[in-house]
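A.B. asks: So you can see what is in the structure, the chains are spelled out below.
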Amino acid sequence: MKLEDPQTIRKLWIGFYAVLGLLVLLDPKALEAVHVLEPDPHHEPHFGVDGWFEFYVVYGFLTCVAMVVISKKVIGAVLMRPDTYYDSSPLDPIRDAKLRPLEKEGDQ
Amino acid sequence: MNPLLTVPPATYMLIGALVIAASPNKLYKPISLLAPLMTLACIWLFPEDLRLGFEWLDYRLIVAQFNLPTKAFATIFATMAFAGALFAYNQDRKVELAGAMLYAGSAVGVTFAGDLITLFLFWEVMAIGSTLVIWSAFNEPWGDAARKAGQRYVNVHLVGGAIMMAGIALHVVDTGSIAIPHMQIGASMTEPVAMIGADGQPWALPQLDSPAAWLILIGILINAGAPPFGSWLPDAYPEASASGTVFLSAFTTKTSVYVLIILFAGCNLLVWVGALMAVYGIVYAILENDMRRILAYSIVNQVGFMVCAVGVGSALAINGATAHAFAHIIYKALLLMSAGSVLYVTGKRKCTDLGGLYKAMPVTMWCGIIGALAISAVPLTSGFTTKSMITDAAAHVSDWAPIVYGSDGEGAWATLGGLNPSIAWFVLVAASAGVFLHAGIKFPWFVFFQKPAPEKDERGFKDPPWNMQAAMILFALACVVIGLPPGPGPLYDILPFNPGNAGVEHYHAYNYAHVINQLQLLLFAGLAFFLLLNMLKRTLTITLDADWFYRRGALLLWRWILYPILLAMEPFHTGLISGVPKAAAENFGAGTAAAGEERTYRPWGVGRTVLLLTIILFVLLILNLF
Numbered sequence: 001m002k003l004e005d006p007q008t009i010r011k012l013w014i015g016f017y018a019v020l021g022l023l024v025l026l027d028p029k030a031l032e033a034v035h036v037l038e039p040d041p042h043h044e045p046h047f048g049v050d051g052w053f054e055f056y057v058v059y060g061f062l063t064c065v066a067m068v069v070i071s072k073k074v075i076g077a078v079l080m081r082p083d084t085y086y087d088s089s090p091l092d093p094i095r096d097a098k099l100r101p102l103e104k105e106g107d108q
Numbered sequence: 001m002n003p004l005l006t007v008p009p010a011t012y013m014l015i016g017a018l019v020i021a022a023s024p025n026k027l028y029k030p031i032s033l034l035a036p037l038m039t040l041a042c043i044w045l046f047p048e049d050l051r052l053g054f055e056w057l058d059y060r061l062i063v064a065q066f067n068l069p070t071k072a073f074a075t076i077f078a079t080m081a082f083a084g085a086l087f088a089y090n091q092d093r094k095v096e097l098a099g100a101m102l103y104a105g106s107a108v109g110v111t112f113a114g115d116l117i118t119l120f121l122f123w124e125v126m127a128i129g130s131t132l133v134i135w136s137a138f139n140e141p142w143g144d145a146a147r148k149a150g151q152r153y154v155n156v157h158l159v160g161g162a163i164m165m166a167g168i169a170l171h172v173v174d175t176g177s178i179a180i181p182h183m184q185i186g187a188s189m190t191e192p193v194a195m196i197g198a199d200g201q202p203w204a205l206p207q208l209d210s211p212a213a214w215l216i217l218i219g220i221l222i223n224a225g226a227p228p229f230g231s232w233l234p235d236a237y238p239e240a241s242a243s244g245t246v247f248l249s250a251f252t253t254k255t256s257v258y259v260l261i262i263l264f265a266g267c268n269l270l271v272w273v274g275a276l277m278a279v280y281g282i283v284y285a286i287l288e289n290d291m292r293r294i295l296a297y298s299i300v301n302q303v304g305f306m307v308c309a310v311g312v313g314s315a316l317a318i319n320g321a322t323a324h325a326f327a328h329i330i331y332k333a334l335l336l337m338s339a340g341s342v343l344y345v346t347g348k349r350k351c352t353d354l355g356g357l358y359k360a361m362p363v364t365m366w367c368g369i370i371g372a373l374a375i376s377a378v379p380l381t382s383g384f385t386t387k388s389m390i391t392d393a394a395a396h397v398s399d400w401a402p403i404v405y406g407s408d409g410e411g412a413w414a415t416l417g418g419l420n421p422s423i424a425w426f427v428l429v430a431a432s433a434g435v436f437l438h439a440g441i442k443f444p445w446f447v448f449f450q451k452p453a454p455e456k457d458e459r460g461f462k463d464p465p466w467n468m469q470a471a472m473i474l475f476a477l478a479c480v481v482i483g484l485p486p487g488p489g490p491l492y493d494i495l496p497f498n499p500g501n502a503g504v505e506h507y508h509a510y511n512y513a514h515v516i517n518q519l520q521l522l523l524f525a526g527l528a529f530f531l532l533l534n535m536l537k538r539t540l541t542i543t544l545d546a547d548w549f550y551r552r553g554a555l556l557l558w559r560w561i562l563y564p565i566l567l568a569m570e571p572f573h574t575g576l577i578s579g580v581p582k583a584a585a586e587n588f589g590a591g592t593a594a595a596g597e598e599r600t601y602r603p604w605g606v607g608r609t610v611l612l613l614t615i616i617l618f619v620l621l622i623l624n625l626f
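Residue numbers (full-length UniProt numbering), protein chains in the order written: chain X, 1 to 108; chain Z, 1 to 626.
To be clear, the hints were calculated from the coordinates, so they are not data collected in a lab. Given the structure is predicted, the values throughout are model-derived calculations rather than measurements. C-beta: ideal position from N, C-alpha, C; glycine also. You may find that some hints are simply not true.
Unchecked claim - Pair by pair, the computed Cβ-Cβ distance ranges are:
#1 Z:Trp466 - X:Leu12: 30 to 36 Å
#2 Z:Pro30 - X:Lys73: 52 to 58 Å
#3 X:Val78 - Z:Phe572: 40 to 46 Å
#4 Z:Trp56 - X:Pro45: 53 to 59 Å
#5 X:Gly15 - Z:Ile403: 46 to 52 Å
#6 X:Thr84 - Z:Phe530: 29 to 35 Å
Unchecked claim - Which stretches of chain X does chain Z cover? Using the computed rule of at least three CB atoms under 8 Å from a CB of chain Z, they are:
#7 19-25
#8 36-47
#9 61-71
#10 75-83
If we strip away everything but chain X, and leave its shape as in the complex, we get:
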């Protein structure tokens, strides 16, 4: 069994989905609703929505998708530059004829 084997990767994905499914089933609010679990006074909802079923599942997934997409498509589109952007700046150049090969070997 090797990590780079497609079979192993497939198994890892199946395991991951199994854990995710288990976590959905074990949701505290859902278990409280079917009276498997007593409501925990240390963990009562403060804002309403955080007491909904599977709030953390949905919120974690959606906010992360939103963060990646907004970072990449909005902020990245405006502010990303090639990583040599500052190197040729006349104010503080770090690539001159002498340094270029060094940078290429160690940095590129």
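Given chain X, put chain Z in place with the hints provided.
C.D. replies: Just chain Z, lined up with the frame of chain X:
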């Protein structure tokens, strides 16, 4: 009491810095391990109620006393200096270690400072020590970049220090006191703490109603790395050496958190500053390619949680900020040691060049993964037991949010620019999920996995030397020990409000709902990561930040505005420096010009003029003292 122990604990590290700088041969190496341990012993043996001070001018300076958060911060600073020195042990980095001891020692000094002037002096020495650490990467392949980044770094910090000094001076003029306030627990753990000044009056800085308060706050926020003042952090930290970045990650931002706690607890603006930092760190880390710059952005993200907690200002939040700073220093140093080891072994910094190291560097990989789990606050790691306090404190909005009463007598939560205080909790929870995305998975994935590892690594990559491994294993163990249920007893006992001094209960992070909810949040964030992996593929790019204004903007300003103005002014200038004196000499004067001879003087350069002025001012200052 032993006189060797009743000195300010920072003394041993500050003397250690000088001894390291002066020591011949390899003698500095054991000293770099010994000095932090002696400081650590001194911190723990320092009597609770002792105040060491002396008279200076018209002030009584308190160079060492325990404030409520002092013990936790000083302990972790000294421990961190030890682990960092251990990590650097196999390399010949005398200047870096001297700088790091100066840096860490003065950070300990800040935590023990009993007045604003002492605090400020140590604060400034930190800037010097840390600049030395950055500059000591001069012999790395990116040495030139390190030199430039160090220059920008020290300029930002000197400006920040000047702003803070101006604020302190104004504050002293306003109040006549250099004392720092003390904190009292509110009616419950979730209600704001009371800040009492030395005169027994409520401490006014958190209200932000004077220029002094704003200047001090901005000075601190520059060091805390809050956008838009914080772009020096991701700019400078990744340019230090493999071990240098480990030192840098710990002290400056966390000292700022400490100072915010003792001066600005309950300043609600900080809730939003912290929330902004938490989100900013994630967005920039997602876009970043340099592995250590990812971790630098993630420092801003984590410090955002602490700053937010200071803004909430309840006893639980203050405890959370302190505990989270403690845990954060350990796991962030661990992550940077892991990244530093990769850099040390492979010489590569960019995610696009890395990956497929899981077979070659197992110890480094596992330590990196433990650090990544801890920063993500996975249950059974330190981040879970400490960050929970902050989100929990923020959730008790009705206890901490100030209420404003409308004309109809109806009370409502005060909003800031339309931001309802309950939004803070949602931002913190989203940021917790985002941490897993940008540091928890992204760092180990792109550095160690990402592509298949060759069976026999012909590049010869293997785990780094024993001392680097030992430092990593030490901190990996600490991450797990602090995270074990029921909670970090020894750490909780040195928090600002603990069972010993405030009679409060330990915080309980472990209950069924919290553990499951945290796992749900994180693992579904992980699902988002792998589903969006294509969008997260690293590119050879950087992301512009506020440092653009002084790296490029200033240049454009000079080239297109200031320089043309200067050119236009040149005739006046020439007239002023040669025409006027000449005319004056011809009309009224004697000497060579009057006699029609050529002038024999040479104009002075700006540098020499400034030097002369400085010397004159300095002499006046000295004379003024007597």
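A.B. asks: State for each hint whether it applies.
C.D. replies: So, going through the hints one by one against the coordinates:
1. Between Z:Trp466 and X:Leu12 the C-beta distance comes to about 32 Å, which sits within the given range of 30 to 36 Å.
2. The beta-carbon spacing between Z:Pro30 and X:Lys73, approximately 53 Å, falls within the hinted interval of 52 to 58 Å.
3. For X:Val78 and Z:Phe572, the hinted distance range of 40 to 46 Å is satisfied, since their beta carbons lie about 42 Å from each other.
4. A hinted range of 53 to 59 Å for the beta carbons of Z:Trp56 and X:Pro45 is consistent with their spacing of about 54 Å.
5. In this structure the hint that X:Gly15 and Z:Ile403 lie 46 to 52 Å apart at CB holds, the actual value being about 49 Å.
6. X:Thr84 and Z:Phe530 have their C-beta atoms about 31 Å apart, which keeps the hinted 29 to 35 Å range intact.
7. Restraint check on the region 19-25 of chain X versus chain Z: 4 residues with Cβ-Cβ distances below 8 Å, three needed, restraint holds.
8. Figure legend: the region 36-47 of chain X, annotated as covered by chain Z; annotation consistent (6 residues with Cβ-Cβ distances under 8 Å, at least 3 required).
9. Counting residues of the region 61-71 of chain X whose beta carbon lies closer than 8 Å to any beta carbon of chain Z gives 9, which reaches the threshold of three, so the coverage claim holds.
10. With 7 residues having a beta carbon nearer than 8 Å to a beta carbon of chain Z, the region 75-83 of chain X meets the requirement of three or more and the stated coverage holds.
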